[in-house]
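Chemist: So you can see what is in the structure, the chains are spelled out below.
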Amino acid sequence: MQGSELVLEQVTKSFSGAPAVDAVSLTVRPHEFLTLLGPSGSGKTTILRMVGGFLSPDTGRILIDGVDVSGVPVERRPTAMLFQQLSLWPHLNVSRNVSFGLELRHRPKQEIARRVHELLSVVGLAELGSRLPAQLSGGQQQRVALARALALEPRILLLDEPFSALDTKLRVELRTFVRSLQREVGTTTLLVTHDQEEALELSDRIVVMRDGHVEQVGSPTDIYETPATTFVAEFLGAMNFFTGAASGQQVRLAGDVAVPVDEGVLAAGDRLEMGVRPEDVVLDADAGLPARFTVEEVTSKGHFRALRLRCGALDLRAFVDKGVVVAPGDDVAVRFRKVHLFGSGGGGQVAPEAAAERPVAAPSAMAVRGASGTSGSGSRP
Amino acid sequence: MSETSVSTEVAEAVVGGAGAPGAPAPRARRSRRSAEGGSRGGLAGLLGYLPVAFLLVFGGIPIVFSLLLMFGHLGGPNAAISELGQGEIPAHGIGTLGAITQLFENASYRQDIFATVMVFVVTAAVVLAIAALLTFWHRLRPSKPLAVLQFLAVIPLFIPVVIASFSLWTFWGDRGFTNSLAQLAGWSNGLIFSGRIQGVILAETWVSLPFAVLLLRAGVASLGDSSLDAGRDAGARPFTIARRIMLPQLRRECTVVFCFTAVGALGSFTVPYIVGPSSPVMLGVDAVNTYTAYNQPQQAAVIGFTIFVLAALIGCVYALGSRSRRVGRG
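Going down the list, the sequences are from chains A and B. Taking the numbering used here, the leading residue of the first sequence gets 1, the next gets one more, and so forth. Taking the numbering used here, the leading residue of the second sequence gets 382, the next gets one more, and so forth.
Mixed in with the good hints there might be a few duds.
[As the list claims (entries may be wrong)] Part of the chain A face toward chain B, derived, beta carbon under 10 Å:
{"id": "1", "residue": "PHE83"}
{"id": "2", "residue": "GLN85"}
{"id": "3", "residue": "SER87"}
{"id": "4", "residue": "LEU104"}
{"id": "5", "residue": "PRO108"}
{"id": "6", "residue": "PRO328"}
{"id": "7", "residue": "GLY329"}
It should be emphasised that the hints constitute simulated quantities derived from the structure, not laboratory data. Glycine included, each C-beta is placed from N, C-alpha and C at the ideal position.
Make the full structure from the sequences, and use the hints.
Modeler: Structure (structure tokens):
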């Protein structure tokens with residue numbers, strides 16, 4: 001099966017004057033699995049529906065393999081969509097659902113039968129061709145819908161939150177299946193989701209969207225490890241945020257807690273936000289470290305433990321190995337494996353590669369006296 | 382309900398015990414409870430049987446009497462009406478088909494039956510077609526004009542049929558608006574529908590359309606967007622989507638619209654009486670004329686029975702069209 005290049009050039013779409021997609025430019029490479037990730041209202045589904053032809057862009061162009069398809073009606077686009085809701089036609093059996101598009105194209109009956117059998121075999125439902133959709137589970141229905149979408153050999157496959165109507169187990173099973181199938185058939189695929197886990201697991205690249213524009217584009221690792229903004233950082237994974245100010249080679253947080261950073265990264269007096277992923281918080285029994293946090297809450301998450309720590313008015317969330325023995329009330333010292341520094345207001349990251357482990361320094365009395373002016377601190381899971 | 386009762390009894394038996402002082406014996410309590418349950422069940426049964434009894438008394442018995450009258454049993458409960466009626470054919474033995482034969486041998490009556498069938502079949506088909514066109518098309522290609530048309534189609538629901546019929550009679554009459562326009566265009570008496578069977582069909586369509594539009598609109602709204610989008614995505618044009626995706630999914634609604642419109646038209650009186658011709662007439666008008674004008678209750682009963690048979694046929698169509706599908710189209 002073929003994979004095509006999809007290009008969006010300055011695509012804009014408004015509804016009743018409110019911009020849903022604001023001058024978005026994007027390239028999806030042939031055979032790539034690209035995910036549009038963002039909260040509700042970020043414009044990701046609007047983009048998908050414009051690519052599919054269900055909506056027309058107000059301005060801008062959509063090109064598939066260099067051909068402008070912006071004005072091409074949906075029934076003539078080389079795309080196929082898998083919908084969020086289970087969208088099989090209930091009056092047609094599984095085989096007829098899959099063969100519908102082929103029948104419209106007047107393909108020979110033998111070819112249609114062979115193709116339907118082939119596709120149902122690919123999705124593991126070859127034996128269920130005569131069943132009605134109502135006789136299938138949700139996961140099976142989405143597999144049939146996938147076979148139906150693939151029947152027309154689309155150059156671009158569009159997935160509109162196709163797993164959201166399924167329960168957790170089915171969702172995990174089906175997305176693994178979809179990923180392996182996509183690798184096998186090689187169709188360029190555009191997925192829309194608000195599920196970060198889904199995006200991280202499936203995508204070659206992720207586009208994080210917010211309020212109709214692209215916030216960051218990159219591989220799952222890049223985006224997770226080097227979020228461009230506080231929005232991306234908190235949308236993809238959990239992160240603790242603290243407001244601070246540069247002071248020499250340190251970031252001084254509220255309550256005089258200080259975290260050293262690389263030389264030359266900061267100018268003195270810079271206001272910034274510091275982010276620390278909970279898994280980058282390392283508990284250290286070494287009593288020689290100056291800042292000490294009190295364990296307030298310990299929650300088992302199965303394969304790890306989530307801790308809520310407090311140092312004066314600083315809240316810190318940490319994910320530690322399930323073997324780490326701590327209990328509420330314990331005093332611990334912490335180090336940060338990695339910190340992310342953002343310009344004040346959540347803008348661009350100013351020190352994306354803060355690599356070395358950073359002991360958290362503070363006046364020894366801080367933990368007991370608390371800190372004033374700590375409104376900027378907090379954890380956003 | 383029964384499980385709850387049982388567990389309650391067990392709990393009480395354990396707490397109270399058989400010999401607990403002051404407590405009534407379990408068997409006595411059980412019998413009192415079963416007596417209360419019995420009276421509640423009796424009340425529920427009475428509530429269930431009341432409508433049935435009502436139908437039997439006020440619908441079933443008159444039907445039986447009419448059937449007896451139709452087959453020539455003029456005595457007993459039919460004695461009073463037979464005393465006044467004319468042209469009666471009495472039964473000799475178990476009954477006679479004389480009245481039925483007499484009517485069906487009459488060419489005028491056969492024309493009335495044909496006109497009635499034509500009116501309700503054509504009306505039901507036209508109403509279904511218009512309602513489907515308005516609602517399906519609006520769903521596939523939403524537009525202001527279609528929304529306005531849908532709104533206008535519902536208005537007749539709030540206009541009394543007798544007033545509507547008279548308005549249509551004058552509108553389509555020889556001095557009505559349509560014919561005046563036709564005459565202005567040099568087409569003499571080209572657009573007169575009043576006093577014609579076509580006029581009855583037009584008026585029945587006008588009267589029946591609101592219900593059909595409302596019902597189909599609700600049905601169309603129940604179809605998921607993704608179901609229709611998937612059709613477009615597979616390459617289907619609007620007409621194909623309507624025919625192969627929407628229509629099969631709305632088969633029941635369409636059957637209901639067709640059958641209810643047909644039964645409504647079949648049993649209507651006001652519209653054909655005011656708008657329709659003097660001959661042929663629809664069976665409802667015919668029955669009333671035969672009973673009141675010609676004073677022939679036995680023949681009127683035969684016409685009523687004919688209407689009933691036609692309604693039963695429509696009922697069969699309804700039953701076939703609304704049954705659930707158990708196997709998929711393959």
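Chemist: Taking the hints in turn, state whether each one holds.
Modeler: Hint by hint, here is what the structure shows:
1. Interface hint status for A/PHE83: upheld, as the beta-carbon distance to the closest one in chain B is roughly 4 Å, under 10 Å.
2. The interface hint given for A/GLN85 holds, since its Cβ lies 5 Å from the closest Cβ of chain B, which is under the 10 Å cut-off.
3. With a least beta-carbon distance of about 4 Å to chain B, the hint placing A/SER87 at the interface is held under the 10 Å criterion.
4. Using the Cβ-Cβ criterion of 10 Å, the hint placing A/LEU104 at the interface with chain B is satisfied: the shortest such distance is roughly 5 Å.
5. Interface restraint check: A/PRO108 against chain B, minimum CB-CB distance 17 Å, threshold 10 Å, status violated.
6. About 42 Å separates the beta-carbon of A/PRO328 from the nearest beta-carbon of chain B, more than 10 Å, and the hint is not met.
7. Interface hint status for A/GLY329: violated, as the beta-carbon distance to the closest one in chain B is roughly 46 Å, over 10 Å.
Hint violations for this structure: numbers 5, 6, 7, all remaining hints satisfied.
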